[in-house]
Amino acid sequence: MKIAVMSCIHGNYEALDAVLLDIDQHSCEKIFCVGDLVGYGPHPNAVVAQIRALDIPTCVGCWDEDIVEGLNACDCSYPSLLAEKRGIQAHEWTNKEINPENREFLANLPHSFKEGNLAFVHGSPHSNHEYLLPQLDAFVALERVISTDADVLFCGHTHVPYARTLDAGQLQVRVGREEKIQEISFTSPLKRIVNVGSVGEPRHGRPNATYVIYDTDIQEVQLREVPYDYHKTCAAIIEKGLPAIFAWRLANGLEYAERADDPTHVCTR
Amino acid sequence: MIIIMLMSLPIITVVAGSSGAGKTTWVCQQMRDIAAVDKIIYYSPGTGTVPIDQNRIATEFPGMQVFGDGQEVEFFNQIPQAEAVYIELGFYLQLEATTQILDNLTYRAVAVLPPDLKDSEYHSWANEVVCGASTQTITAESLWRAASNGQVIDENSLEEFWYEITHGAYGIVTRAKGIFDVNDGRSLYCDFVAGLPQMDFLELNLPRYLEGRPQRFSGLEVVGENLDEATLRQTLSDCCLSDGLILQYQQQVKEILLEGEPV
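Just so you know, the sequences run in chain order A and B. So in this note's numbering, spot 204 of the first sequence is number 416, and the numbers just go up one at a time. So in this note's numbering, spot 94 of the second sequence is number 99, and the numbers just go up one at a time.
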C-alpha cells in the first residue's frame, strides 16, 4: 500500500493544493499529516478547512500548539533575534486570523498517532519543538524511534526531507550502582526515521513543496518535490499584510524565520 | 578660502572611481608601503554621519590622521606637516568637487575603475587609471545610509540581514558595506560588491566594547536600485539588542575572559 505523508503546510494553500494533486496522481491510498498547518503563510483557515474536509489523520505541530496555547518556544526555535521577531509577527497575525472552529480543531489534534508499525509525530516523540536532524547522534535517534514502539517514525519540523536507516544493533545498558550493577542487553531491529520535509515553507533552496510517498509493502521511501505557483502565495502574503520579507524568502526556498542547525541540541521545553 | 602658508607641500593624491571598484582598497595598499603612517593624512568628504571607510582605515592604520565631513579646517591645517595626503571621492560626488576642495593646490588624480569601463569622465579627469574590480553597474543607482552608533547588533541576525541585503531582498544591491558592534564586543566590517566573491566579516582591530552601549561608530551603507529604505531601516533596528541583552552578553564575555577561555 502506498501512503503519502506531509508536514509543515504553514498556511500555504497553493502548495497544499499542488501536493494533493500530486498525491492523487500517484494513487496513494492514505494521506497523513504531521502538523504545522498554520503559521507564516497567508491562508491558515483554508488549509485547516481542507485538512478537515479530507479527514486527513493529523498530529499537532508546534505552530498549531502555539496558536492554541500561546507562544512558548525553546531557544532551539529561532537562530537569531531577527528570526524571533519575525516569528512573533507571524504568530500574532495568525492568532488574529484563525477562526474559532479551526482553532478548536487544532486544539484537539493528538501529539502523535500510530498506524501499524508506523508512528507519526511533528518534531520528535518527546517534543513538538525538538528537531530530529539527519546528523543527530545515532543512539539518541534510535531511542526516539524505539520510544514509539514503531519501526518507522515519520516526522517533520526541520523542513528538510530525509530518510535515515538505523541499522539493527546491540545496545548494552548498565543499571544500578557499585556492587549491584546489572548489565542489560537489547537487540534493536532495523528502524527508520523519515522526515517528510515541508509543503508550504521549504528550506532546501527552491520554492517547491516537498512530501513523502511510502510503500508499506516494499518499505520504499520516495521524497517528492512538487513545483507550484508560489507567486500566488507571495502575492497573498503581501496582500494580507504579512511582512514582505516572507514572500521573498519563500520565493528563494529559505525558511521564513526558524531554522534547525544544531543536531546536539535537546529541546528544553 | 583656506590658505596654506607653507612653501613645501606634500604629494596630494585624489582617488575617485565607480562604486565598489576598490578606491579604499587601493589607498590601503599605498599606505602599507609607507613606513610612517603618522605623516599621512586621509580625507573622504561626503560621507556624512556614516564614515565607514574612514573608520576602517583608522583601525587598520592607527596613528594616521583621518578626516571626514565637518573636519575640513583641521584637514587643511594638517596638510603642511604631512608627507602624503590621500583624498577619496565617493562615486556620488562630482569630480569638480576636487577643485572646490583643493582650490589651487596641485594634485595627482587617480581613477580606480572596472576594467570594462572605457572613455568615462574619470578617464579624462585622471592622471593615472588603476584597473580595479570588475563591478556591476546599474543606471539608476541610489545610496542609502544609516548610522547605528550605540547599537549592538545580534551577530546571527546580522548574518541573516546581510544575506538578504546582498541577495536582493531590499532591492538590486551593487554595493554594501558596514561596521557593526556585535554581541561579544567585537566590531565587524562587512563588505559586498556585486559580481565579486562574498567576503567573510572582518574583525576590526579595536578592543572589545563590554561596558554598555558602544561609544564608537557603527553604520551601514547600501548602493543599488529600487532600495526599500523603510524596510532596510526597520530590519536593521530589529537586529539590535535591548539594554538587558547587551548587559547579559557583556557579562558572559567578561566571565569567559576572566577564566582565560577563548570567546
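Warning: the hint list may mix true and false statements.
Unchecked claim - In silico EDC-like pairs for lysine to aspartate or glutamate, Cα to Cα no more than 20 Å straight-line:
| # | chain 1 | residue 1 | chain 2 | residue 2 |
| --- | --- | --- | --- | --- |
| 1 | A | K297 | B | E88 |
| 2 | A | K297 | B | E133 |
| 3 | A | K308 | B | E133 |
| 4 | A | K297 | A | E309 |
| 5 | B | K44 | B | E101 |
| 6 | A | K452 | B | D233 |
| 7 | B | K182 | B | D233 |
| 8 | B | K123 | B | D108 |
Unchecked claim - Pair ranges (Cβ atoms, derived):
| # | chain 1 | residue 1 | chain 2 | residue 2 | range |
| --- | --- | --- | --- | --- | --- |
| 9 | B | A102 | A | G282 | 56 to 62 Å |
| 10 | B | T144 | A | E313 | 49 to 55 Å |
| 11 | B | D38 | A | P439 | 33 to 39 Å |
| 12 | B | P267 | A | G282 | 49 to 55 Å |
| 13 | A | K308 | B | E260 | 39 to 45 Å |
These aren't lab readings, by the way, just hints derived from the structure by calculation. Predicted model, so just to flag it, every value in this text is computed and none were measured. Where a beta carbon is used, it is the ideal one built from N, C-alpha and C, also for glycine.
Right, here's what the structure says about each hint:
no. : hint                        : verdict
1   : A:K297 x B:E88              : violated, 51 Å
2   : A:K297 x B:E133             : violated, 50 Å
3   : A:K308 x B:E133             : violated, 63 Å
4   : A:K297 x A:E309             : holds, 19 Å
5   : B:K44 x B:E101              : violated, 27 Å
6   : A:K452 x B:D233             : holds, 19 Å
7   : B:K182 x B:D233             : holds, 17 Å
8   : B:K123 x B:D108             : violated, 28 Å
9   : B:A102 x A:G282: 56 to 62 Å : holds, 58 Å
10  : B:T144 x A:E313: 49 to 55 Å : holds, 53 Å
11  : B:D38 x A:P439: 33 to 39 Å  : violated, 55 Å
12  : B:P267 x A:G282: 49 to 55 Å : violated, 39 Å
13  : A:K308 x B:E260: 39 to 45 Å : holds, 42 Å
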